[in-house]
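Protein chains in written order, with our numbering: chain R, 1 to 292; chain V, 1001 to 1301; chain P, 2001 to 2441.
Since the hints were derived computationally from the structure, they do not count as laboratory data. Be aware that a few hints might be false.
In the EDC-like style, the derived pairs of lysine to aspartate or glutamate whose C-alpha atoms are separated by at most 16 angstroms in a straight line are [unchecked claim]: (1) Lys-2148/P with Asp-2169/P; (2) Lys-2418/P with Asp-1053/V; (3) Lys-2048/P with Asp-2073/P; (4) Lys-2242/P with Asp-2073/P; (5) Lys-2193/P with Asp-2169/P; (6) Lys-2365/P with Glu-2347/P; (7) Lys-2298/P with Asp-2422/P; (8) Lys-2351/P with Asp-2065/P; (9) Lys-2208/P with Asp-2146/P; (10) Lys-1139/V with Asp-2254/P; (11) Lys-2242/P with Glu-2309/P; (12) Lys-1139/V with Asp-1160/V; (13) Lys-1107/V with Glu-25/R; (14) Lys-2138/P with Asp-2361/P; (15) Lys-2083/P with Glu-237/R; (16) Lys-2193/P with Asp-2254/P; (17) Lys-238/R with Asp-2086/P; (18) Lys-2417/P with Asp-1160/V; (19) Lys-2208/P with Asp-2409/P; (20) Lys-2325/P with Glu-1197/V; (21) Lys-2267/P with Glu-1261/V; (22) Lys-2417/P with Asp-2254/P; (23) Lys-2133/P with Glu-2309/P; (24) Lys-81/R with Asp-2065/P; (25) Lys-2325/P with Asp-2086/P; (26) Lys-238/R with Asp-2085/P; (27) Lys-2083/P with Glu-25/R; (28) Lys-86/R with Glu-237/R.
Here is how the chains run, residue by residue.
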Amino acid sequence: MKLLRIFDANSKNNWTSASGRRTPETATILRTALLIGMTFVVLAPVIWFTLSSFKGLAELGGRPHLLPQSFSLDNYSQALKMYNYKQYFFNSVFVTTVATILTLIINSMAAYAFAKYNFRGRDGLFVLTLAMIMIPLQVILIPIYLVVAQLGMVNTYWGLIIPAAATPTGVFVIRQYMLTIPDELIESARIDGAGEFRIYARIVLPLARPALAVVAIFSILWRWNDFIWPLLVAQDEKFYTLPVALAQLNGRLAVPTNIIIAMSVMSIIPVLIMFVFMQRQIVQGISQTGMK
Amino acid sequence: MLIKKAGRRGSSVSWSRRLVPYLFVAPNLAIFLTFIIWPAIRGFWISFFDSNDGVHFKYVGNANFKEILHDPTISQVARNTITYVFFYVVLAITISIALALVVNEQKFAKGFFRAILFMPVMLSPVVVGLIWSDIVDRKHGPLNAAIKFLGGGAPGWLVDTNLGMVTVVFVGLWVHVGFYSIILLAGLQGIDRSVLEAASIDGASRMQTIRQIILPLLKPTTLVIIILATIHGFQSFDFIYTLTGGGPLGATTLIVQYIYERAFGVPIRYGLGSAAGVILFLVIFAFTALNFIAGRRRNAV
Amino acid sequence: MKIKSLRSKLAISSSLVLVAGLVATGLPSAHADTSTLKPTAAQLAAWKGKTITYYFYHDSQAELDTTNAMITDFQNLTGATVKLDDVPYTTLDQQLQARIAAGNTPDVARLNNPGLYQNVALDLETYFGRTYKSEFLKGSTLQVQDPKTTHLIGLPYDLSVNGPIINVDLFKKAGIAIPTSWNWATLIANAKKAQAAGGTDYAFAMDKSGHRFSTVMSQFGAFMVDKNQKNVLPTSQHRAAKALKLITDLYAADLAPRDLWVGTGTKYSSPVNVFIAGAVPVFFSGNFNLATINANAKFNFAVVPNPKELNGGGWPGGKFLMAFKASKNADLAAYFTNWLAQPAQMERMDKAAFWLPTRNDLVAKGITYSSRQTDMNNYLADAAATPSAAYGIQSVPTLTGSIYNNLRDLMTLVMTKKITADQAIATQISFIDTQLATLKK
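When you get a sec, could you build the whole thing from the sequences and use the hints?
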């Protein structure tokens, strides 16, 4: 807040872009400084970490140097050779994709019902859905585990995918957005004789794209990085997702730190790529769903 | 014809239209009931039992709750959790609003800065713990190397009980603040430009505009951030556990780790873990409810 | 549902066949020597195509590689399949308990803490006879004995010995000869000298473990539990506090990696990477880290005898094999467990991973290691010199885990100057009392 006060002291009417102001003002300098500072705080640790991924085990235990002794890809090749990185990667991709698709389908269906229908128990169910947002996973971790175990879903892909697919936040976000879709569109489609499911799939869903994008992105991010639940459910190595594999490696008697770092860097890359491509949609989606 | 159509519609409305919403809600509801509601009820029920293997349960009444409330570590855990959540939420809101305001005004490379804001939230908590435990390492971390270069000492970020909490709050903010800023940015974009132009025409300074126009209009979004930050704060576990293991000396052991260790430590004590979970839920519920009510009341005025 | 009942029908009928076959050929368990045990035709028929899960963890890559090779041999021998589940050491018990709770019990497991699984372990004597126990070291078998029937419910798989490993190059640089016998004062003095000469970060490092520290206590003549399940720490209180102060002072003075100990909360952490990086001249660990150090260290190192105060020698530890009652192929699981601990297999593993044998016949014969023979001889000598009182705590196998962990947590408090060594020992005494009291219930 102090910074903003300085803005005030040194600049007056800056809102509408003034014409012809060339000299950078204190406000702009401070703002740029803050932005550069923020960029440094965010990027520096990640860059440091990536540089560390080229360092050998002995090098990592010694004094910190910015650059590794050599940019050898030893850690990466070891990670790929000695550990089943391909399997972990596949599991992460598979679980994330299927879970996100499942989430989008069932959440949007429920959201549509809450937004556009009037049925007995609608409001009560919706409030219940909202209340679920507040239950942190860890609170019901044990009972969910016991239920999943009784259903025989432990150590299966289903156990990884299904239990968390009914995200209450997703239902909430999509429902809010669907409220803004004009009822007339739906009514006229009904008059034209379209079936209810068809209306949902052909008319409402496409219109709800921004909300779906937001929920999709949240789901992808969360599932890709989810660690606690998969750690419990994926008991066999063949079901490990990337975060589980990293956590398991970190728990060894002699921690192969260099391998872990290389694997971590490899696990960040897909998310980064996805983000670079979807950056616009993410922000647009969030703004259009009107987080109000 | 209209009447006929209405009549036809009326009869088909009654059963298929009435059934359809239930069908739409069904899949979501089925998963909800099976994997959230039923376990929540069961968890509440288990908290009155003792179990070492999830198969055999022995009724112990409220012994678990008594044990937790009398556990000498629980007061430390509660204190740690409240400290963490308090500082995390307050700082998260302050910093994210500041960053959102700053980025919003930026004309050049706005997209780049938005990307920077969002990046940390994309990292896995395990990776976050690994990155930061390396950076703040007392003897070999680059942070202390830089501090030493500038003439300072070498603080034990993860080994001093106070610094441990500072580090953990910082890392928590590092991960989430950008995400909150993005949401706030969206809220800022929703503010009608004409209101701001009117203010500047009236001669309002930037500070006045921010304080008297922007912030109040941003309140609904701010409320969302407060609730999100509170929930994130209480749920913080993964990266903390990777970073400090709850140390030093339990200084960064929060309630979720306490639950986790009771349930999955050695030996397992499912009943005790569930009881701790019930307590946590009640606390979060109270917190969120208060927040919501307070926010509603403020808006009404 | 159908499949399940069919499978169980098959299981029942095949086990009946097996029992009939065993009775007919005479139970192999009637003989004490099971070393020439080969599967009978009936067994081979019953086991063909069956799969069992081996829940495993490894201290070194060599163990993992050798286990995989042995599994291939076993699969060729029996026609059955063994699925290896390799889990991290730090969550060994948690994950196993979670699997048991989920009905996902493995068939065979390699364990650190066999006392936790007494209720679910398979009685091996029903397969191999009452005299089976005598094939293994007596002290070790105490830890895998059913508390009520004293039947053998697991096998000692390896014997571990705690003790110091030194960086020879650093010692040489400081002009110190490799010690053949010493006491703690000399060890610490030498460590400091080597640190000064080499400019290393630390002088001394120890695994973050109450079990490792118990070695030091033992050398000073302090013990926690005796063979009659009695708390004997009160009588050796001052000696224990002396040992505690000795080690924690090193940590408090930053001569040992305090951050690794304090900054990891309740998680296990080993400074083995610090030793491998050449940053500490004396590393108090055990033979379980020898293979890793051997594979990664780029300097000369050596295992040296434990320092001698009142006592010499090390502190016993080890890993165990167990088969589980819930196994759907219990006889195959029992056979596999036994097979892994047969002389040929055990010797193979011991040589590859620098393990010490737990079979009496192998101990008598002695194992020739391909390298590091002097190191292993030192460990053997220390194992022999371990005072018998050190084995006392094995009388309470269900409590050792929590007793060691509490000791470790108290050490953390002492090295951060929150409590004194005397207070720590007093607290540990009452902790042991409460733990022992739970046995009476």
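Hints and how they fare:
1. For the suggested pair Lys-2148/P and Asp-2169/P, the alpha carbons sit about 52 angstroms apart, so the restraint of at most 16 angstroms is broken.
2. Between Lys-2418/P and Asp-1053/V the alpha-carbon distance is near 36 angstroms, which puts this suggested pair outside the 16 angstroms criterion.
3. Distance check on the hinted pair: Lys-2048/P and Asp-2073/P sit about 14 angstroms apart at the alpha-carbon level, within 16 angstroms; holds.
4. Note on Lys-2242/P and Asp-2073/P: the hinted pairing is violated, with a Cα-Cα distance of about 51 angstroms set against a maximum of 16 angstroms.
5. With a C-alpha separation of about 13 angstroms, the suggested pairing of Lys-2193/P with Asp-2169/P holds against the 16 angstroms cut-off.
6. Straight-line distance between C-alpha atoms of Lys-2365/P and Glu-2347/P comes to about 11 angstroms, which keeps the hinted pair within the 16 angstroms bound.
7. A hinted pair counts as satisfied when its Cα atoms are at most 16 angstroms apart, and Lys-2298/P with Asp-2422/P does not qualify at roughly 41 angstroms.
8. Among the hinted pairs, Lys-2351/P with Asp-2065/P is consistent with the structure: their alpha-carbon atoms are about 13 angstroms apart, no more than 16 angstroms.
9. Our distance criterion of 16 angstroms between C-alpha atoms is broken by Lys-2208/P and Asp-2146/P, whose separation comes to about 30 angstroms.
10. Of the pairs offered as hints, the one joining Lys-1139/V and Asp-2254/P holds, with about 11 angstroms between alpha carbons and a cut-off of 16 angstroms not exceeded.
11. Among the hinted pairs, Lys-2242/P with Glu-2309/P is consistent with the structure: their alpha-carbon atoms are about 12 angstroms apart, no more than 16 angstroms.
12. Using a Cα cut-off of 16 angstroms, the hinted pair Lys-1139/V and Asp-1160/V holds, with the two alpha carbons roughly 14 angstroms apart.
13. With a C-alpha separation of about 14 angstroms, the suggested pairing of Lys-1107/V with Glu-25/R holds against the 16 angstroms cut-off.
14. A distance of roughly 13 angstroms separates the Cα atoms of Lys-2138/P and Asp-2361/P; the hinted pair therefore holds under the 16 angstroms criterion.
15. Annotation: proposed proximity of Lys-2083/P to Glu-237/R holds, straight-line Cα distance about 11 angstroms (limit 16 angstroms).
16. Simply put, Lys-2193/P and Asp-2254/P have alpha-carbon atoms about 15 angstroms apart, close enough for the 16 angstroms limit, and the pair holds.
17. A hinted pair counts as satisfied when its Cα atoms are at most 16 angstroms apart, and Lys-238/R with Asp-2086/P qualifies at roughly 11 angstroms.
18. This hinted pair checks out: Lys-2417/P and Asp-1160/V have alpha carbons roughly 12 angstroms apart, not beyond 16 angstroms.
19. Simply put, Lys-2208/P and Asp-2409/P have alpha-carbon atoms about 9 angstroms apart, close enough for the 16 angstroms limit, and the pair holds.
20. Distance restraint check for Lys-2325/P and Glu-1197/V: the Cα-Cα separation of roughly 78 angstroms exceeds the 16 angstroms cut-off, and the hinted pair is therefore not satisfied.
21. Distance hint between Lys-2267/P and Glu-1261/V is fulfilled; the C-alpha atoms sit about 11 angstroms from each other, no more than 16 angstroms.
22. For the hint linking Lys-2417/P to Asp-2254/P, the alpha-carbon distance of about 13 angstroms falls within 16 angstroms, and the restraint holds.
23. With a C-alpha separation of about 34 angstroms, the suggested pairing of Lys-2133/P with Glu-2309/P is violated against the 16 angstroms cut-off.
24. Taken as a hint, the Lys-81/R and Asp-2065/P pair is honoured in the structure, with Cα atoms around 14 angstroms apart against an allowance of 16 angstroms.
25. Only pairs whose Cα atoms come within 16 angstroms are accepted, and Lys-2325/P paired with Asp-2086/P is rejected, the gap being roughly 21 angstroms.
26. Distance hint between Lys-238/R and Asp-2085/P is fulfilled; the C-alpha atoms sit about 10 angstroms from each other, no more than 16 angstroms.
27. Simply put, Lys-2083/P and Glu-25/R have alpha-carbon atoms about 69 angstroms apart, too far for the 16 angstroms limit, and the pair is violated.
28. For a cut-off of 16 angstroms, the pair hint linking Lys-86/R to Glu-237/R stands: about 12 angstroms separates their Cα positions.
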